[in-house]
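A.B. asks: Work out the full structure, taking the sequences as your base and the hints as a guide.
Heads up: the sequence lines are chains A and H, in that order. Under this note's numbering, the first residue of the first sequence carries the number 1, and numbering increases by one thereafter. Under this note's numbering, the first residue of the second sequence carries the number 645, and numbering increases by one thereafter.
It is worth saying that the hints were derived from the structure and are not from the lab. Hints may be right or wrong, so weigh each one.
[What the hints assert, rightly or not] With a Cα cut of at most 30 Å, we get these calculated DSBU-like pairs of lysine-lysine:
(1) Lys694/H - Lys266/A
(2) Lys567/A - Lys930/H
(3) Lys698/H - Lys527/A
(4) Lys930/H - Lys527/A
(5) Lys698/H - Lys375/A
(6) Lys544/A - Lys565/A
(7) Lys365/A - Lys567/A
(8) Lys565/A - Lys930/H
[Stated by the list, open to error] Beta-carbon label-pair distances, calculated as ranges:
(9) Met911/H - Tyr506/A: 26 to 34 Å
(10) Tyr506/A - Ala712/H: 15 to 23 Å
(11) Ser926/H - Ile563/A: 34 to 42 Å
Given the structure is predicted, the values throughout are model-derived calculations rather than measurements. In this text, a Cβ means the ideal position worked out from N, Cα and C, and glycines have one as well.
Listed below are the residues making up each chain.
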Amino acid sequence: MIETNVFFASIFFGISIILPVLVSISRPIARRISMACAGLGLLALADISLRVMITNSAMTLNLASFYKELSFELLIDRLSAFFILTIILVSLAVLIYSFRYVEHLKKKHGKNIAVSLMNLFIVSMILVVASKNLISFLFLWELMSISSFFLVYFDYEQKTTGKAGMFYIIMTQLSTLFLIASFLLVYSSGNSFEIRQMPQNAPMASVIFILAFLGFGIKAGVIPFHKWLPYAHPAAPSNISALMSGLMIKVAIYGMIRILLTVLPKPLLWWGVLILLFGTLSAVLGVIYALKEHDIKRLLAYHSIENIGIILIGLGLYVIFKASHFEALAFMAIAGSLFHTLNHALFKSLLFLTSGSVVMATETKNIEDMGGLIKNMPATAFLFLIGAVSISALPPFNGFVSEYMIFYVFFNTHVLISPFLKILLVASACILALTSALAAACFVKAFGTIFLGVPRSKHASSAQEASKSMIIGPAIIAILCALLGIFSFQIFSILGFNFPIPNMMYISIVLAGTYLIFFLLLYRASKIRVYETWSCGFPLSNGKTEYTASGFSEPIVTIFRAIYKPKRNSTKEFYDDSNVIVSHGHAEMSLMKFFEEYLYAPVLKAVDFTSGITARLQAGYLDLYIVYVFLGSLALLIAMGVLT
Amino acid sequence: MNELLIYSVLNILAVILISPFFMGVIKKIKAWCQGREGQPLLQQYYNLIKLLRKESVVSSTSSWITRATPYVNVAALITAALFVPVLFVPSGSTLFGNLILMLYLLALAKFFMALAGLDAGSTFGGMGSSREMAFSAILEPVIIIIFLALAFMFKTPNLFEIFRQASAVGILYAKPLLILLMVSLFIVLIAETSRVPVDNPETHLELTMIHEGMVLEQSGKYLGMMELSHAMKQTLLMAVLINILVPIGFSTALSFYSIAISFAAFMAKGTALAAVIGIFESSIAKLRLFRLPVMFMVAFFLAFLTIILEVYG
Numbered sequence: 001m002i003e004t005n006v007f008f009a010s011i012f013f014g015i016s017i018i019l020p021v022l023v024s025i026s027r028p029i030a031r032r033i034s035m036a037c038a039g040l041g042l043l044a045l046a047d048i049s050l051r052v053m054i055t056n057s058a059m060t061l062n063l064a065s066f067y068k069e070l071s072f073e074l075l076i077d078r079l080s081a082f083f084i085l086t087i088i089l090v091s092l093a094v095l096i097y098s099f100r101y102v103e104h105l106k107k108k109h110g111k112n113i114a115v116s117l118m119n120l121f122i123v124s125m126i127l128v129v130a131s132k133n134l135i136s137f138l139f140l141w142e143l144m145s146i147s148s149f150f151l152v153y154f155d156y157e158q159k160t161t162g163k164a165g166m167f168y169i170i171m172t173q174l175s176t177l178f179l180i181a182s183f184l185l186v187y188s189s190g191n192s193f194e195i196r197q198m199p200q201n202a203p204m205a206s207v208i209f210i211l212a213f214l215g216f217g218i219k220a221g222v223i224p225f226h227k228w229l230p231y232a233h234p235a236a237p238s239n240i241s242a243l244m245s246g247l248m249i250k251v252a253i254y255g256m257i258r259i260l261l262t263v264l265p266k267p268l269l270w271w272g273v274l275i276l277l278f279g280t281l282s283a284v285l286g287v288i289y290a291l292k293e294h295d296i297k298r299l300l301a302y303h304s305i306e307n308i309g310i311i312l313i314g315l316g317l318y319v320i321f322k323a324s325h326f327e328a329l330a331f332m333a334i335a336g337s338l339f340h341t342l343n344h345a346l347f348k349s350l351l352f353l354t355s356g357s358v359v360m361a362t363e364t365k366n367i368e369d370m371g372g373l374i375k376n377m378p379a380t381a382f383l384f385l386i387g388a389v390s391i392s393a394l395p396p397f398n399g400f401v402s403e404y405m406i407f408y409v410f411f412n413t414h415v416l417i418s419p420f421l422k423i424l425l426v427a428s429a430c431i432l433a434l435t436s437a438l439a440a441a442c443f444v445k446a447f448g449t450i451f452l453g454v455p456r457s458k459h460a461s462s463a464q465e466a467s468k469s470m471i472i473g474p475a476i477i478a479i480l481c482a483l484l485g486i487f488s489f490q491i492f493s494i495l496g497f498n499f500p501i502p503n504m505m506y507i508s509i510v511l512a513g514t515y516l517i518f519f520l521l522l523y524r525a526s527k528i529r530v531y532e533t534w535s536c537g538f539p540l541s542n543g544k545t546e547y548t549a550s551g552f553s554e555p556i557v558t559i560f561r562a563i564y565k566p567k568r569n570s571t572k573e574f575y576d577d578s579n580v581i582v583s584h585g586h587a588e589m590s591l592m593k594f595f596e597e598y599l600y601a602p603v604l605k606a607v608d609f610t611s612g613i614t615a616r617l618q619a620g621y622l623d624l625y626i627v628y629v630f631l632g633s634l635a636l637l638i639a640m641g642v643l644t
Numbered sequence: 645m646n647e648l649l650i651y652s653v654l655n656i657l658a659v660i661l662i663s664p665f666f667m668g669v670i671k672k673i674k675a676w677c678q679g680r681e682g683q684p685l686l687q688q689y690y691n692l693i694k695l696l697r698k699e700s701v702v703s704s705t706s707s708w709i710t711r712a713t714p715y716v717n718v719a720a721l722i723t724a725a726l727f728v729p730v731l732f733v734p735s736g737s738t739l740f741g742n743l744i745l746m747l748y749l750l751a752l753a754k755f756f757m758a759l760a761g762l763d764a765g766s767t768f769g770g771m772g773s774s775r776e777m778a779f780s781a782i783l784e785p786v787i788i789i790i791f792l793a794l795a796f797m798f799k800t801p802n803l804f805e806i807f808r809q810a811s812a813v814g815i816l817y818a819k820p821l822l823i824l825l826m827v828s829l830f831i832v833l834i835a836e837t838s839r840v841p842v843d844n845p846e847t848h849l850e851l852t853m854i855h856e857g858m859v860l861e862q863s864g865k866y867l868g869m870m871e872l873s874h875a876m877k878q879t880l881l882m883a884v885l886i887n888i889l890v891p892i893g894f895s896t897a898l899s900f901y902s903i904a905i906s907f908a909a910f911m912a913k914g915t916a917l918a919a920v921i922g923i924f925e926s927s928i929a930k931l932r933l934f935r936l937p938v939m940f941m942v943a944f945f946l947a948f949l950t951i952i953l954e955v956y957g
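C.D. replies: Have a look at this one:
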């Protein structure tokens, strides 16, 4: 049964990847067959992973073995199955969305390749998560990175895409570098690439952990390694952004959790503190940077950084409570972290997909040029709103439940013994609260500026509702967001966990019940008259007098001016000599890019400098290189002679 | 289960019915402070009934968000009312009483209120929403740290359990640190209910307004529902403060007499607190907008101090 499923899945995936490249017709039929095949393949896999997830069993599958350690082996246990299910759910919705989205893209060529790469990307993510040994993990990890790199490059004619793609590929290679180092250390401890428990020797374990944390952290977009996200996500087409932001960075989270659970199951306390600190920093700075963004996709990318931060806070709590021997709380923390991973995958892809429809309809990514879209695009607006409510962690949706689980662990801080840890956790909890409130503020801004009020540009006022497939895809995710929130308690019980989380089903019944009662009571209570907005006699028609997105975030920029360091420049020209009547003027405000200016730029300079020196060695003459090789071998021989 | 049902109905009804009264008391006290006679104590009830019957004018720019928001607000606040017992605590229930969930229900109401502020496209609404979201964001850590401090002191994050422990005699004597915490909670109460140093509930002047800006476009039954939910939010926060600080008369059992006593006691204490709020509002000037974080920091500091003393003490 399992074999047939895997067999069919492989065939479907194979067709979905190869077909669009082989058939070079530009008509949509090949792409559609390919996407349908990918969907069928996902469904075949969904069956297996659901069964593993519910029965808490594990299954292994040997695909191919080449030489001793070099083999492709899959292992699907509960953790893998959970991530595979997450990938399947989001990918299915993205595939449905792409059905029409890809056809609407303005580019003439490359659509076939893009579809093929997208399917490859999805398959490689699933295989990474299911890898049984580190070699196949690394190989598939690279496949995932490279296929997504080409997808980021889809719009290669645009200038910004080039920079985004380069930034992405360099950061992702850096991440792989740390991973290779970490995995080699795992190998050297027992001459095996199997993902397995390390023997207990503390210093090596810490090094492995740090290297893996750096490697996965870069890929997940943990601050300060986050800079590639806000470049790469807006550059890619929206369906790809949804996959990258919703899923790919979660694969990095999977890696981190796998290392913590399987390879190093007895974590040290200070690792937890480290993870917690990075998580808190990412969460709060991610949302603070998101607030200043007006490019909708970049705004969402910063929110991914924020949510990765929240996931890491959960992981940090897990390690801290685990190392302090509070197993139940530790388990709750990691469950909250995992649940938030799933939830973020869902609502972030929902937001990316719906904003993709908006960007397509208005032909701009700048939310300042949108406005009033709720009238022309009601379905998209409603779906975006569900995403916004979920990501703002408002009950009864899924984002709330996972944040609640993390808060619950924070509220049990008093069981810890160390006063330092208590104070640290309290501080972190406060910052988490700030983060989630700022996220709500940011999504009020985003939804308000995009969908409410008066259209601010021609494109916005003539926008058309998205095609059916571009509504059905996100709608599936939106329904899941609601269901996972409302029935969270029941779902956890089915899986065999009894967490002290509120039964959101009752809360939802009360909420919906009171809404209905008041609606019915007051339905006929009074008349409703439609009239224009009160605007002190000043016409609203063109949207120029509306509150803008930058106006909306202005109080927050002022409050957090220490972080933003806003620079205001304004020049005024006057009609009269005594400088009273302004004829025209120019004003601009720029905010500091701290990490770019103070972290990335110096590193770049240093690399530039050293490569300037090493470039002199590369004269381009063959005889010179032979001398290098000779000198190098000589040095090695002498060194070996000295050492032995 | 039966007891829980009685509790739910009683608590929700009590909060809905009491809330406008406290609003009226504050208005009355403020009027007295200004040397005016002031409106009758029950005027708020008449206002509400009038508003709920009156014709609503809805902006032609606005969408269903404006019309759904008042219902969402009332629904969220009524659900939140289940989490703060005002009359008695039902025994052995963990379904409600969850502080974090209550906080996020209030956030749900606020989220929609801010959206409705932006819906009509008016500058006033936008200004109100923007300020509300900014200042409630920096107030959020203050609220969480107060709740964390409560969890530290009472070893539970459940409000029912906290109230039960608090009503054991001599809580203030045993935990004098609570006074510090309640000062923070008072500041939160002032800020969350848009009262004077933070906001001015009386004016529609764009320089001062936060909350009023957001509901400027609401009218008729919609405005009535917004005002009702605002009053309910005030009662809930007052109840947290009262039932922890002075739990005298608060009932932990379900019986007619104890609930009657509890109701009378709550009304008396609530009226006293409302009077304090009224006097506080009258004796202080509105703070400059960007001075508000300083005030919130005071509340934050006091709560943090409580935790530090609790951890090291």
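A.B. asks: All hints are to be evaluated individually against the structure, with a verdict given for each.
C.D. replies: So, going through the hints one by one against the coordinates:
no.	hint	in the structure
1	Lys694/H - Lys266/A	65 Å, violated
2	Lys567/A - Lys930/H	29 Å, holds
3	Lys698/H - Lys527/A	7 Å, holds
4	Lys930/H - Lys527/A	38 Å, violated
5	Lys698/H - Lys375/A	27 Å, holds
6	Lys544/A - Lys565/A	27 Å, holds
7	Lys365/A - Lys567/A	24 Å, holds
8	Lys565/A - Lys930/H	27 Å, holds
9	Met911/H - Tyr506/A: 26 to 34 Å	29 Å, holds
10	Tyr506/A - Ala712/H: 15 to 23 Å	22 Å, holds
11	Ser926/H - Ile563/A: 34 to 42 Å	37 Å, holds
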